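Asks: So the chains spell out like this:
Protein chains: 2
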Amino acid sequence: LAPPPTITKLQSNASKTKCLHICTVFILGSLSSPQITVEDYEQAAKTLMKALFIREKYSRLAYHRFPRTVAQFLRIYVSHTGLPTDVCPCPREGEDPYNIENIPDNLSYELQTKDGIVYVYENAEALSQNRPRSLPYPDLETFAIDLSHVLAMIIDGPTKTYCHRRLNFLGSKFYLHEMLNEMAELKELKGVPHRDFYNVRKVDTHIHAAACMSQKHLLNFIQTTYKTEADRVVLEKGGRKLTLREVFEHLNMDPYDLTVDSLDVHAGRQTFHRFDKFNSKYNPVGASELREIYLKTDNLIDGEYFARIIKEVSHDLEESKYQHAEPRLSIYGRSADEWDSLSKWFIQHKVHSTNMQWIIQVPRIYDIFKSKKLITNFAKMLENIFLPLFEATVNPQKHKELHVFLKYVTGFDSVDDESKHSDHMFSYKSPKPEQWTADENPPYSYYLFHMYANIMVLNNLRKERGLSTFQFRPHCGEAGSITHLVSAFLTADNISHGLNLKKSPVLQYLYYLAQVPIAMSPLSNNSLFLEYSKNPLREFLHKGLCVSLSTDDPMQFHYTKEALMEEYAIAAQLWKLSTCDVCEIARNSVLQSGLSHQEKKHFIGANYLKDGPEGNDIRRTNVAQIRMAYRQETLCNELSFLVDAVKTEAAIGTQPE
Amino acid sequence: LAPPPTITKLQSNASKTKCLHICTVFILGSLSSPQITVEDYEQAAKTLMKALFIREKYSRLAYHRFPRTVAQFLRIYVSHTGLPTDVCPCPREGEDPYNIENIPDNLSYELQTKDGIVYVYENAEALSQNRPRSLPYPDLETFAIDLSHVLAMIIDGPTKTYCHRRLNFLGSKFYLHEMLNEMAELKELKGVPHRDFYNVRKVDTHIHAAACMSQKHLLNFIQTTYKTEADRVVLEKGGRKLTLREVFEHLNMDPYDLTVDSLDVHAGRQTFHRFDKFNSKYNPVGASELREIYLKTDNLIDGEYFARIIKEVSHDLEESKYQHAEPRLSIYGRSADEWDSLSKWFIQHKVHSTNMQWIIQVPRIYDIFKSKKLITNFAKMLENIFLPLFEATVNPQKHKELHVFLKYVTGFDSVDDESKHSDHMFSYKSPKPEQWTADENPPYSYYLFHMYANIMVLNNLRKERGLSTFQFRPHCGEAGSITHLVSAFLTADNISHGLNLKKSPVLQYLYYLAQVPIAMSPLSNNSLFLEYSKNPLREFLHKGLCVSLSTDDPMQFHYTKEALMEEYAIAAQLWKLSTCDVCEIARNSVLQSGLSHQEKKHFIGANYLKDGPEGNDIRRTNVAQIRMAYRQETLCNELSFLVDAVKTEAAIGTQPE
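Which chain is which? The protein sequence lines are A and B, in order. Note that UniProt numbering has the first sequence beginning at 1, numbered continuously upward. Note that UniProt numbering has the second sequence beginning at 1, numbered continuously upward.
If you're looking for bench data, these hints aren't it; they were derived computationally from the structure. You may find that some hints are simply not true.
Unchecked claim - Covered by chain B, according to a simulated footprint, are these stretches of chain A (three or more residues, beta-carbon under 8 Å):
hint: 1; region: 259 to 268
hint: 2; region: 372 to 384
hint: 3; region: 559 to 572
As the list claims (entries may be wrong) - Not close to chain A: a few residues of chain B, all C-beta gaps over 10 Å, as computed:
hint: 4; residue: S128
hint: 5; residue: Y198
hint: 6; residue: T224
hint: 7; residue: L258
hint: 8; residue: V260
hint: 9; residue: P431
hint: 10; residue: N526
hint: 11; residue: E566
hint: 12; residue: I570
hint: 13; residue: S578
hint: 14; residue: T579
hint: 15; residue: H602
Model, not experiment: these values are computed from the prediction. Every residue gets a Cβ at the ideal spot worked out from N, C-alpha and C, and that includes glycine.
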């Protein structure tokens, strides 16, 4: 068990003088204030430590990441941290990425869904005896109890005060750091040969495949297909097969005349607080036919157009060399063959790119499928989503295409309008998925738990087989109830949006302490939920939360050809971010991403798994060591306060829980 | 004399219903308020009318533009409005732009500078008899009196109240217009075939040639030259000729290691309110040697690198097809041969581009030249700047290169830090330029008058000869005293920045009434003088001031490859501008620019000189006719209030001045 690192030890030589200077100020400043009693402080510390222990448990079980420094303070031995994708999915130079040889053998395992979770059995006999293989199968009751613990803590008065004050302190401390060290950081960066903001690796950590091209790109693509393939049959409607020409005739439209105005896929002022209007923007010219033809994987042309346009986007990324993206493809859970169809599309059209890692998004639209009588209960939806993955993991020879496709899938996302209210209050008494036969949609936490549970079991199974694991990376905290962020604190490796952390000091502080990565999209928020000037990204970054920048939907939100650069440029301009700031964000984006261990070593340095300046290769990241030292010292400082409080308590006789 | 247009006449058919609806509201709303007495209203109206008459006089004399609608209300016959560049400088298809044949003959005219203004004489005899040719020669006294009139009016209480209220009304009226007509405007735009924001013409109306490339572009260019021409002699220093390799060795630097960080030309937080620090950013790596080699026209390599990098920028513009720029090249007035050197550079390196119009910027740095004893008085500086232009106009055969270069120069700019305070108070008692031998710099207004005066005489002379005329387009209102904006109201065809109009309701209203174009650069301001969120662009646009978007210095301020698109994108994102808004800005930029009459007809429609919907070709501009009708009605409405007030006064027996 390694001892918790001390503050001085972590200072890089470059930064010693100034950092020492600033540290004195900090230590004086961070003594507990007279407004918080010692009892309150101890209570808050205990509570926060408990929350960290809970997250660590869920992270560990799912092979998610948990920061080493935090684990050291919690005195937890961590073997797996930071290596979620240690099985490199990237094909070696010259290797065929779609190669279906050397696929592992099938096993005789049996699978069965119970309470919405897939259970794995050694064989038919074990199944009949109901003896599942020894894998961690989570249960809803435990989760509900853990969740209620954290829920109680975020409204606890003393904890709120403590976290609020610590966060204010973190903000002021960074301001001081900036005043003292800004020029020194810049000097460090100027000394780095051949590396600047333009050639550090940046990952677009949150982007939807169906909106990953710009509006102008989609427009040009539609016009090009019409010019060259007008007589191709592309759609079946009402039993009749239609050519592209017929589709446009039917829409009473000449693609040559089409403009981004008539295409009408861009979010405008009309979409603010109107997620419904925003969703309809996925239909070019308001016509669902064009969405079907151009933005779907399983249409009459086998998703060829969609594949082609995505490949044009990935071609641009490869050209740019330093930009990567993690586009979301949808699996709905409507039927069990979605995975086969999607993986077939992926391989048939050779969609793989070195600059794209794939994430599967699952829309939370049980209610729609139920009302259309496509499924009978929530368990069926979960089974449609997850059982095929277990089958492909157990019997890869039977599911070769899916097996290959899964090599390039690095995680799961849960998506939909978070502002929709749910009447159901999630608790340990909530019905099991088989019993969820109501027309109404299950609440957010219910979705999250069941996705997490399946991913967790699946990851354990895949780990056993030496296969890649998946991260759970839900949309969370874009709008709606604060409880969403509690669920994700337990279940998610990292999240997208996180805006609502603004509203809860306890959660914000917990996300800081646990360094939960947050992919933020301020331009998307600006069109949907929160004006740019009110976006908390800058504040989160300065306090030390692990934030990255992402585009969400270039088709709807961005104006230029390079959406991610537009996102960075606007943030840098508006918030007057320094080069070190933007390079820190870029480094966070690589850390947060599903890129493999090998790629991360290459992009941000061989020791990236280590925290603090040691883990930073400035020649690759262009992040100043002074900044790294500051972040690490500050985190250790915050953690040691918690640990000290609990120690004190232990010393005066109270047993820690 | 045409009658002033009526409101109903100007409505396009498309917009009739909604506009009528909105008009009722406006007419009720715009009756003079009980808080302003009839006397005050009449006084204010008389005053504002007078200011418009003054501007019209100065515009007319200089062949600047004055809006037809305003002239009609003032009952002034205008023959020249809107045709400042009716002599097309653009060579015809296939014609050599540097052709030095068919140059007009020399004349026997004589030239002499008096009071800092060049006088033209028919011949030597007329000169000896001091009988200048009949051209309008402005005098400082009249200008000082006109200026003091407008200065008095901007602090006049009733006028301030009146203008303040009218501006508020304009803001609210637009808000109402937006609420009622936004969707109708959008519908109009959707109906326009093949034209959207991406393919309407946009002119970058304010950009400095020495910073017209992105920082990354400059970096790549430096690296490329080093890779291919390291042994080329590029600089003379202390009598020694140095190769590129030696320069970099001397700077202790390997260009391969160079990054945008070490290049250090980007404005950061350090430049806010520090124009001095900003100016030093023109030196790559802080080394004036590199500025000399890469960003100057008159160096040891005859400005070859600077020409090459500018041509790369114009190549990108030509590729984009729809983007134009009006880069500023410097003439300092340090010596009389600057023009020859600059025109030689232009022609030798074939810098002309169809997508660039050139503007000459004159830095207001008399004090520096005086302290270095390069000039003896201010008149000498003016002579160095303007006499060569008169000579080339009178005797083009003697100055063939300058004659050709001047075909592509469309205007003059006056540049420097406006926030520098001047001790001298400009008045009719100010010393004449010959008497200005002090070390201190003349004030802003003094510079402006003398530039205007020379340009005005020159334009009259050139008009006689059938040559192109020049616009005066100074930087104005970026910082410093509000009086700058008064000087420019008289002397400028259009201005850059105009931020300080925020501070004076009277001037803001006058700029509105006279539709003085303003090239705004909110990203530049954000780095230098005013935070983005406080920039008045959106407010100005909505009230109906004629604003365009420009980049100022892409090298210092922008992050992406397409600086002008970045500027538009950020404005559109942050201020949630509609497509109609951004297309209106783009149309304004073409109107404001020095593009020729032929080009403007091609880019924004054959009738562009007409005001209102009639003058708008929506198929080219993508600006809704509803918007055009709204603007025209609103302007007519405001003008008719003024005219009515003066009429009333006349009717009750008071003689109008």
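Asks: None of the hints should be skipped; say for each whether it holds.
Replies: Results for each hint:
no., hint, in the structure
1, 259 to 268, "holds (count 6)"
2, 372 to 384, "violated (count 0)"
3, 559 to 572, "holds (count 10)"
4, S128, "61 Å, holds"
5, Y198, "5 Å, violated"
6, T224, "15 Å, holds"
7, L258, "8 Å, violated"
8, V260, "4 Å, violated"
9, P431, "44 Å, holds"
10, N526, "6 Å, violated"
11, E566, "6 Å, violated"
12, I570, "5 Å, violated"
13, S578, "7 Å, violated"
14, T579, "6 Å, violated"
15, H602, "19 Å, holds"
Checked against the numbered hints listed earlier, the structure breaks hints 2, 5, 7, 8, 10, 11, 12, 13 and 14; every other hint is satisfied.
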